[in-house]
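Enquirer: The primary structure of each chain is shown beneath.
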Amino acid sequence: MKDILNHFTWFFDGAILFYVILIIASYLLLAYYSAKALIEYLRVSKFINPHELMASPLSPSVSLIAPAYNEANTIVENVRSLLAIQYPHLEVIVVNDGSKDETLQLLIDAYALVPSNELVHYQIKAKEIKTIYKSTKPVYENLRVIDKANGGKADALNCGLNVASSEYIACIDVDCVLAQDAIIKMIQPFLSGSSPCIATGGVIRIANSCIIEDGRLIDVILPDNFLARFQVLEYIRAFLMGRMGWSKADGLLLISGAFGIFNKEIAIKAGGYDHNTVGEDMELIVRMRRYMIERNQKYRVEFIPDPLCWTEAPSTYKVLGRQRNRWMRGTIETLLQHKVMFFNPKYKVLGMLSYPYWLFFEWLAPIIEIVGLLYFLILLLLGQPNYIFSLSLFALVYAFAMFMSTLAILFDELTFHQYKRKRDIFKLLLVALIEPFIHHPMVVRWGIQGNIDFLKGKKSWGDMTRTGFTKKEKK
Amino acid sequence: MRIYIEDWVRSFDFEVTEGLWLVWLSSIILLFLAICFFVAVVISRYRKDYISRWELDFNQKVEALLLELIYGGYLSYEAWKSALSFDKFEKKYLQKARGQKLFIQIIATLRSRLNGEDATRLAEVYRKTGLYKTSLASLDNTSWQAKAAGIRELGALNYVEAVPAITLLSDYPHEAVRSMAQVALIQLDDSDPFGFLDALQNPISKSTMIRLHGAMLQKTSLELTTFARWLKSSHPDVVLFAATMSGLFNAAEDAQLLAQLIKHEQVRIAKAAIVSLEQLGAQETLTKEISKWNDFPLEIQLQLIQSLRNLDFRDEEMILRWLQSDFFEIVKAAIELYTDFKDLDSIRTTLNNLPPHDNLIEIKNQYAHFERMHLS
Numbered sequence: 001m002k003d004i005l006n007h008f009t010w011f012f013d014g015a016i017l018f019y020v021i022l023i024i025a026s027y028l029l030l031a032y033y034s035a036k037a038l039i040e041y042l043r044v045s046k047f048i049n050p051h052e053l054m055a056s057p058l059s060p061s062v063s064l065i066a067p068a069y070n071e072a073n074t075i076v077e078n079v080r081s082l083l084a085i086q087y088p089h090l091e092v093i094v095v096n097d098g099s100k101d102e103t104l105q106l107l108i109d110a111y112a113l114v115p116s117n118e119l120v121h122y123q124i125k126a127k128e129i130k131t132i133y134k135s136t137k138p139v140y141e142n143l144r145v146i147d148k149a150n151g152g153k154a155d156a157l158n159c160g161l162n163v164a165s166s167e168y169i170a171c172i173d174v175d176c177v178l179a180q181d182a183i184i185k186m187i188q189p190f191l192s193g194s195s196p197c198i199a200t201g202g203v204i205r206i207a208n209s210c211i212i213e214d215g216r217l218i219d220v221i222l223p224d225n226f227l228a229r230f231q232v233l234e235y236i237r238a239f240l241m242g243r244m245g246w247s248k249a250d251g252l253l254l255i256s257g258a259f260g261i262f263n264k265e266i267a268i269k270a271g272g273y274d275h276n277t278v279g280e281d282m283e284l285i286v287r288m289r290r291y292m293i294e295r296n297q298k299y300r301v302e303f304i305p306d307p308l309c310w311t312e313a314p315s316t317y318k319v320l321g322r323q324r325n326r327w328m329r330g331t332i333e334t335l336l337q338h339k340v341m342f343f344n345p346k347y348k349v350l351g352m353l354s355y356p357y358w359l360f361f362e363w364l365a366p367i368i369e370i371v372g373l374l375y376f377l378i379l380l381l382l383g384q385p386n387y388i389f390s391l392s393l394f395a396l397v398y399a400f401a402m403f404m405s406t407l408a409i410l411f412d413e414l415t416f417h418q419y420k421r422k423r424d425i426f427k428l429l430l431v432a433l434i435e436p437f438i439h440h441p442m443v444v445r446w447g448i449q450g451n452i453d454f455l456k457g458k459k460s461w462g463d464m465t466r467t468g469f470t471k472k473e474k475k
Numbered sequence: 001m002r003i004y005i006e007d008w009v010r011s012f013d014f015e016v017t018e019g020l021w022l023v024w025l026s027s028i029i030l031l032f033l034a035i036c037f038f039v040a041v042v043i044s045r046y047r048k049d050y051i052s053r054w055e056l057d058f059n060q061k062v063e064a065l066l067l068e069l070i071y072g073g074y075l076s077y078e079a080w081k082s083a084l085s086f087d088k089f090e091k092k093y094l095q096k097a098r099g100q101k102l103f104i105q106i107i108a109t110l111r112s113r114l115n116g117e118d119a120t121r122l123a124e125v126y127r128k129t130g131l132y133k134t135s136l137a138s139l140d141n142t143s144w145q146a147k148a149a150g151i152r153e154l155g156a157l158n159y160v161e162a163v164p165a166i167t168l169l170s171d172y173p174h175e176a177v178r179s180m181a182q183v184a185l186i187q188l189d190d191s192d193p194f195g196f197l198d199a200l201q202n203p204i205s206k207s208t209m210i211r212l213h214g215a216m217l218q219k220t221s222l223e224l225t226t227f228a229r230w231l232k233s234s235h236p237d238v239v240l241f242a243a244t245m246s247g248l249f250n251a252a253e254d255a256q257l258l259a260q261l262i263k264h265e266q267v268r269i270a271k272a273a274i275v276s277l278e279q280l281g282a283q284e285t286l287t288k289e290i291s292k293w294n295d296f297p298l299e300i301q302l303q304l305i306q307s308l309r310n311l312d313f314r315d316e317e318m319i320l321r322w323l324q325s326d327f328f329e330i331v332k333a334a335i336e337l338y339t340d341f342k343d344l345d346s347i348r349t350t351l352n353n354l355p356p357h358d359n360l361i362e363i364k365n366q367y368a369h370f371e372r373m374h375l376s
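Chains Y and A are the protein sequences, given in the same order. With the first letter of the first sequence counted as 1, position 180 gets the number 180 in this note's numbering; the numbers rise by one all the way through. With the first letter of the second sequence counted as 1, position 92 gets the number 92 in this note's numbering; the numbers rise by one all the way through.
Keep in mind the hints are simulated off the structure, nothing from the lab. Any given hint might turn out to be false.
[Claimed, not checked] Here are the simulated BS3-like pairs of lysine-lysine, each with C-alpha atoms no more than 30 Å apart in a straight line:
{"#": "1", "chain 1": "Y", "residue 1": "Lys459", "chain 2": "Y", "residue 2": "Lys36"}
{"#": "2", "chain 1": "A", "residue 1": "Lys342", "chain 2": "Y", "residue 2": "Lys134"}
{"#": "3", "chain 1": "A", "residue 1": "Lys219", "chain 2": "A", "residue 2": "Lys101"}
{"#": "4", "chain 1": "Y", "residue 1": "Lys134", "chain 2": "A", "residue 2": "Lys364"}
[Stated by the list, open to error] These stretches of chain Y come out as covered by chain A in the derived footprint (C-beta under 8 Å, 3 or more residues):
{"#": "5", "stretch": "27 to 41"}
{"#": "6", "stretch": "80 to 92"}
{"#": "7", "stretch": "190 to 197"}
{"#": "8", "stretch": "403 to 414"}
{"#": "9", "stretch": "421 to 434"}
Heads up, the beta-carbon is just placed ideally off N, CA and C, and yes, glycines get one too.
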């Protein structure tokens, strides 16, 4: 019996060590690719003059689609912020997804909207549009508000896709604050490069405690709330190191639903957003990429590291838990839907690297962590714990977490330098020091819950309560 | 140190395997690197502060010097130079690469906002300080960004002698270098600003086209009456560029060639030709193309309807034909065109009189829906 147990522990220790080495190696590789991509991006950016695009009649048109559901508290201001975005040929489409509150009426009153007789080509399945509104005021001539029956975010986006008249569509969360030059920067990859770009994703940053005035970001401040601070660090790591690296390696599988630009034709041909998943943003990108690969068409998906989109992060564990639970379910649904890609050389980097990475290090990571913890507890009960091995492994993982977090802070400092107050840097370091003990266990817990809820067949989004941005006090 | 650690660990009575030693070593290295990164962040923060202070001081000094140059009423560069002790400034700031680059950047930006004699004076500073040599030297640099920056400076500060050197880079493999060179040639080469298009092998991206168009608009001395030479090019991107510019610069002479391009195998070129013909107001030419309607792909058909709509096309017979199309997009575009000169009731009557068709039924349903919604 003891021999069997010894063999089992030997095997299990080895498996855990192998998993840790693999995850560390992949993160290091991603960090390397990210660094290369960031340097390249910053170099190329020096030769891009946004004024040229602004002044040119040749700049392509973009339809900005913003789904809104029960956003009465902020909708008028949010739409004003969208209308203020600098871009010469911009159409703003707000989709009221059957809100139960005053969202639509507030928009009608604020922007002098009247029904129009615009015909719609339903290229993608979406719930019927009740009315399309346009403004009677010339200053809002690029605004259209669609009123439709409630069908969820994916359905609202598909509806916007059917109505959009531009070559490119920018899908955003209506409560996000976009930088004034967000579209100018995000559209650049579509205008250059050797192969056609089908989608670009932008960095999402945390706006809690930042000063927002008239829908514009005035000052970037590190959040007061510790939970939001953890997310600041998470987002810097995920976007500047993860997605940037995947983009360079041509393996990006996710463009955040909060802000992305797509080639409308390809998005429609690929079938638009999927109504049956809560991870519709990831699923669309995977499907668009599969569409191109399966037709042997050259294409690119790019990622723009500039901090262009600012969002309010959940500031309570309850709301954050719901969000992470949904993200996990979305990941599982997407991965299962596209399981044909798993280690399939036909899909190149996507099949051989991205998909396995998402499977083992995103979907299964919390499960593996919990299994490791249970294994340690079992050994403890049996009186055979390998303290030294366990502690050493823990020290390695902690050291690596610190390494990645400080590297991410360094990347941000050397590139976009967002947190200008010196004390913010020290606060971020403190966050990096305690994150593995306080925040990470919660993330694992929500990941496990996401897996359980997926097995139970849960499909809901869960309420996302927001407290609102910090506004500049008027003197 | 290893022996010391091993001895210390042995006191806990367990075996230190090679694997365990590797895990410890990795952890220590990672922690050490984490500390280094953090120190680098702090150093970078102070370095940034220092550089921004230096640049502020530099900018203020340059601004004062250049304002005197432009508005000080000095008769010559030499008079200005000696009056303001420019030699001292040169010695202190323009010996190092950072000062040179920043100084060139400031005068180039300022020159782009000025014209006439003021702009010439700034270009003179660039020549007489010998800073153009820095830019010229960049063209031979192996890094693409140094090349692109050098070309941009030479173009922005009107150093026409650099045209032969820049021409050699106008088909450079890296897009940024190529694009900067092409823009600079439009800025500097008065005799044949588009000559580079003849030998171009690499693509012209949309972004470069926007940039070239911007440079063409800024160059007031440019007389553009035709792009015929490039409309016949074998390079599709050159044809696309020429077709687009013909419309934007009202090159009426090109109408015939543009009409021929509507049959081009590349849809993007055919569409650009239609748009340019619309910009030239060539309704007759476009109307003639309708006779070949069935030869065109859907995208071209839609572009034709759109362009004709912008030219106040009113041929009801043709619109009725389009309304019976199998493509919903065509029917929709035709109705949109129809609404420009017919009211909704007349359109409804027309739709009711047409033979039933899936697309028409869908449109009638949508109209009925509008009515219900508006009434409600």
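Enquirer: So, for every hint listed, does it hold in this structure?
Expert: Verification of the supplied hints:
1. Lys459(Y) / Lys36(Y): 39 Å, violated
2. Lys342(A) / Lys134(Y): Holds - the C-alpha atoms of Lys134(Y) and Lys342(A) are around 20 Å apart, at most 30 Å.
3. Lys219(A) / Lys101(A): At roughly 25 Å apart (the allowed maximum being 30 Å), Lys101(A) and Lys219(A) satisfy the hint.
4. Lys134(Y) / Lys364(A): 21 Å, holds
5. 27 to 41: violated (count 0)
6. 80 to 92: n = 0 at 8 Å, threshold three: violated.
7. 190 to 197: holds (count 5)
8. 403 to 414: That given contact holds, which follows from 8 residues of the stretch 403 to 414 of chain Y lying within Cβ reach (below 8 Å) of chain A.
9. 421 to 434: holds (count 3)
Consistency with the previously given hints fails for numbers 1, 5 and 6, ordered from lowest to highest.
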